[in-house]
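Each chain, letter by letter, is given below.
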Amino acid sequence: MGLLAAPSCLVIAKRGALWRSRPAGLDCRAPAGLAMTGTRRQRSTTRLATLALLAWAPSAMAEPAKRPVLTVCADPNNMPFSNRAQQGFENRIAALIAKDLGVGITYVWWAQRRGYVRNTLGSDLCDLWPGVAKGMDMVSTTIPYYRSTYVFVTRADRPLAGLSFDDPRLRSLRIGVQMVGNDGMNTPPTHALAVRGIVNNVHGYMLYGNYEQPNPPARIVEGVEKGDVDVAIAWGPMAGYFAKLSSVKLRIEPVTPPVESGQWPMTYSIAMGVRKGQAPFKAQVEAILRKEQPAIARILTDYGVPQVE
Amino acid sequence: MTRNPLIPLALAAAPIASLLAQTLPAPVSQSEVFAREQIGRALAAPTPQAGRPNASAAGAPKDDGQWTMPSKNFASTRFSELAEINAGNVAKLQPVFNFPLGVNKGQEAAPIVAGGVMYVVTAYPNIVYAFDLKGENGPTLKWRYVPKTLPAAQGVACCDVVNRGGTWSKGRYIFTTLDGQVISLDANSGKPVWTTRLANISLGETITMAPLVAHGKVYVGNSGGEMGVRGWVTALDEASGKIAWKAYSTGPDKEVLIGPDFHPFYKSDQGKDLGVHSWPADAWKIGGGNMWGWISYDPDTNTILHGTGNPGPWNAEQRPGDNKWTTGIFARDPDTGQARWYYQFSPHDEHDYDGINEQILLDMPFGGQMRKVLVRPERNGYVYVLDRKTGQVLSADPFGPTNSSKGVDLQTGRLILNPEKETKLGKTVRNICPTASGSKDWEPSSFSPRTGLIYIPHANLCMDWLNMEVNYIAGTPYVGAELHMKPGPGGHRGVLTAWDPVLRKPAWEVPENFPVWSGTVVTAGDVVFYGTMDGWFKAVDARNGKPLWQYKTDSGIISQPISYRGPDGRQYVAVLSGVGGWPGVIVSGPIDPRDSTAALGFVNTMVDLPKYSKAGGRLYVFALPR
Numbered sequence: 001m002g003l004l005a006a007p008s009c010l011v012i013a014k015r016g017a018l019w020r021s022r023p024a025g026l027d028c029r030a031p032a033g034l035a036m037t038g039t040r041r042q043r044s045t046t047r048l049a050t051l052a053l054l055a056w057a058p059s060a061m062a063e064p065a066k067r068p069v070l071t072v073c074a075d076p077n078n079m080p081f082s083n084r085a086q087q088g089f090e091n092r093i094a095a096l097i098a099k100d101l102g103v104g105i106t107y108v109w110w111a112q113r114r115g116y117v118r119n120t121l122g123s124d125l126c127d128l129w130p131g132v133a134k135g136m137d138m139v140s141t142t143i144p145y146y147r148s149t150y151v152f153v154t155r156a157d158r159p160l161a162g163l164s165f166d167d168p169r170l171r172s173l174r175i176g177v178q179m180v181g182n183d184g185m186n187t188p189p190t191h192a193l194a195v196r197g198i199v200n201n202v203h204g205y206m207l208y209g210n211y212e213q214p215n216p217p218a219r220i221v222e223g224v225e226k227g228d229v230d231v232a233i234a235w236g237p238m239a240g241y242f243a244k245l246s247s248v249k250l251r252i253e254p255v256t257p258p259v260e261s262g263q264w265p266m267t268y269s270i271a272m273g274v275r276k277g278q279a280p281f282k283a284q285v286e287a288i289l290r291k292e293q294p295a296i297a298r299i300l301t302d303y304g305v306p307q308v309e
Numbered sequence: 001m002t003r004n005p006l007i008p009l010a011l012a013a014a015p016i017a018s019l020l021a022q023t024l025p026a027p028v029s030q031s032e033v034f035a036r037e038q039i040g041r042a043l044a045a046p047t048p049q050a051g052r053p054n055a056s057a058a059g060a061p062k063d064d065g066q067w068t069m070p071s072k073n074f075a076s077t078r079f080s081e082l083a084e085i086n087a088g089n090v091a092k093l094q095p096v097f098n099f100p101l102g103v104n105k106g107q108e109a110a111p112i113v114a115g116g117v118m119y120v121v122t123a124y125p126n127i128v129y130a131f132d133l134k135g136e137n138g139p140t141l142k143w144r145y146v147p148k149t150l151p152a153a154q155g156v157a158c159c160d161v162v163n164r165g166g167t168w169s170k171g172r173y174i175f176t177t178l179d180g181q182v183i184s185l186d187a188n189s190g191k192p193v194w195t196t197r198l199a200n201i202s203l204g205e206t207i208t209m210a211p212l213v214a215h216g217k218v219y220v221g222n223s224g225g226e227m228g229v230r231g232w233v234t235a236l237d238e239a240s241g242k243i244a245w246k247a248y249s250t251g252p253d254k255e256v257l258i259g260p261d262f263h264p265f266y267k268s269d270q271g272k273d274l275g276v277h278s279w280p281a282d283a284w285k286i287g288g289g290n291m292w293g294w295i296s297y298d299p300d301t302n303t304i305l306h307g308t309g310n311p312g313p314w315n316a317e318q319r320p321g322d323n324k325w326t327t328g329i330f331a332r333d334p335d336t337g338q339a340r341w342y343y344q345f346s347p348h349d350e351h352d353y354d355g356i357n358e359q360i361l362l363d364m365p366f367g368g369q370m371r372k373v374l375v376r377p378e379r380n381g382y383v384y385v386l387d388r389k390t391g392q393v394l395s396a397d398p399f400g401p402t403n404s405s406k407g408v409d410l411q412t413g414r415l416i417l418n419p420e421k422e423t424k425l426g427k428t429v430r431n432i433c434p435t436a437s438g439s440k441d442w443e444p445s446s447f448s449p450r451t452g453l454i455y456i457p458h459a460n461l462c463m464d465w466l467n468m469e470v471n472y473i474a475g476t477p478y479v480g481a482e483l484h485m486k487p488g489p490g491g492h493r494g495v496l497t498a499w500d501p502v503l504r505k506p507a508w509e510v511p512e513n514f515p516v517w518s519g520t521v522v523t524a525g526d527v528v529f530y531g532t533m534d535g536w537f538k539a540v541d542a543r544n545g546k547p548l549w550q551y552k553t554d555s556g557i558i559s560q561p562i563s564y565r566g567p568d569g570r571q572y573v574a575v576l577s578g579v580g581g582w583p584g585v586i587v588s589g590p591i592d593p594r595d596s597t598a599a600l601g602f603v604n605t606m607v608d609l610p611k612y613s614k615a616g617g618r619l620y621v622f623a624l625p626r
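Note that the protein sequences, when read in sequence, are chains A and R. Counting along the first sequence from 1, when you hit position 113 you're at 113 in our numbering, and nothing is skipped either side. Counting along the second sequence from 1, when you hit position 368 you're at 368 in our numbering, and nothing is skipped either side.
Among the clues, some could well be false.
Okay, derived cross-link-like pairs now, DMTMM-like style, lysine to aspartate or glutamate, Cα gap no bigger than 20 Å in a straight line [stated by the list, open to error]:
(1) R/LYS614 - R/ASP554
(2) A/LYS226 - R/ASP282
(3) R/LYS552 - R/ASP541
(4) R/LYS254 - R/ASP333
(5) R/LYS285 - A/GLU212
(6) R/LYS285 - A/ASP124
(7) R/LYS285 - A/GLU222
(8) R/LYS614 - A/GLU212
Since the hints were made in silico from the structure, they are not lab data.
Given only the sequences and the hints, what does the whole structure look like? Please build it.
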């Protein structure tokens, strides 16, 4: 049983098996404190698969009576969404789900970047990805539990209110955007600038960034605070949270127009992701999301997440 | 293209055809690509009467029966002078030894043989095995070394956790680790002599390439262009592991090591700080150009030759300019790293055509005289013949289906793009050939001075560039283009091409069902060995491509076969089995075959691979019966 850190530490997934084991002879240990490892304490608990079975497969009642747990996959270093100390809003909402399911909670940590699904939900290492855009087809997504938008982030002490992508000021302002990393696969605002030929005054912040630093995507907001860029265009939940923490007062405004060129939306509904073929479990989660909607909304407000209809 | 009608033995079975018809995208039609005669160009007509092509003599010394570096020699011929195994008797070849490597990931390395010992490095966690070949009962494990590595590196590597092999030099075995170290082991004891960490995985840097050891130095580059990592090549002192120099692929001249000795042949490469000015604003700082393929040393000119990877991570529209010095080739002073010349295969690359393939150093007749050239079967679809003293392009001819460009302008050296196949944000462009992984990826070719042919293992793949639905990473939704790969004309996905560099055309071709992702080795017995992703290790006649022998290994083959003389005087052939890599991660890593865009588009065209191959990792050694 073990340390499910690495793709080489694959689950031996027998059909219906509730237990995971570590292939002999592979050292899957991850040094403490390392980025991007799914370091796990020994997990001899029964996973949620058991719980799901319990819910509609009475035969499974005969399984050993261990307390089931909800295994959540999350990034250990990506506030305000999640971190290893479980301080993110996704951590709090996932805890709410586990509580309502009446189960414990445990995490598999993996940096959210290319290969995240392959190495987490896709490897059957966890049950729930608490924050994913609705409709992302690598996983099965639940009903959304909030909707947010890309935002312009500017210093409140600068006269930069009311920006839109069509604002002529964007041609001369220093603009920060986030780079995802694959050719042709960047964020919608990055595409919106490219379509308008706004290129030379745009600075790219790597979304992945330096993972040794806390919350690498936050560098773009710090760029506005420090004046490295005049305006940052970033995903609302991250920008809203770090703007709240900023020592300089920052202005957060949704980008407009809300859809670029008819194909790049700036607003997204965020759902939870489960493995495909887990409809009953998904229904359970969705029921909780519906029931806990007021509590979830309070959590999101606490974290400064801009919400749109 | 002329295609040899040979059907590979393994694929003659009828059920496969029906299966492919059900699950694979339809192949691109022949009418969608240019004929070789339409876009192939040369500065002069072939003059085969002016001499026979041969490897650079200094770069390919007489074969001592060992195999001390992946490329066999500095000229990178991968030619073995051994002839005990020949086209007449290879049918009797049989396995004499195998060893499970304990790592079931893509094995891309070449076994190394020196002093009666064979060295093998595995995919991550990069375990090194040394086998004593002198035993009477076959090879025995001499030592095993497990480097201390950071498991997190696996989360950074873009495309499976491969390693392209180590090198033996002066009693040491030198190799790289995925997490960015170069390690020099005492070859006798397996104890580290020095360890130098070069790459920082927290920035997205990894190392997957085989180091080149030459001229008292170890040359290594970094991987990670997709992560916004700025590419570099570094030279370490072979004895101490101390860094001698580091040359970036983008940025100001002083960081690229461009100075007064730099004399690029074409005007477009001349000018100050082009590594800054050919990019918007400061985009060069995350501009890619990573070096993860093959570095060569040319003793004739005392020059290091290495390519550079594709530009990243901006969309093409957002990095107007040539994006120097990505997707090109540098010639450098081996002691100082100072650049001597540079040529850019794909200026302003928008198709992911990294320029990191092998350079084969030949003396070859061209324009009526013998010229010192390097030959590069390039990812963008052309076999380039360059003057290796100046970087001038002598000829460039397509060796696979090509329509993304219309040839190379030999006056300016510039690739002529086909506007109909340019990728644009928000537009769907279908049937772009070659695909993002190119006509040929990293898998190295071989050259036989006996036939004058270059044996190129490669793919026959095209792609659709599509708009994609929402994706989501690190708490950020993003949208963009996505690749869907598909077979090229003919429907097969791989080819072994025997290319005549003098006549600028294939002598023969063997179509393969899957992309040929293994290297080739050719011997004085006129046998070419290569492996397939469905696990066959094959021998064909170097003169005509006729299939002579094959053996089914327990996984797919994407590594580099070698041939050597054992301590008993017999000729052996060795190869690693273990499928994976970019195209094979569908087998070696858990990827949902229903997700056609997984593994950067490769899964679409590899959905059937799991039916033919399973993950594995095993060393195989073959010989004739006693």
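- request: Hint by hint, work out which the structure violates, then give me just those numbers in ascending order.
  value: Of the numbered hints given earlier, those the structure breaks are 6 and 8, listed in rising order.
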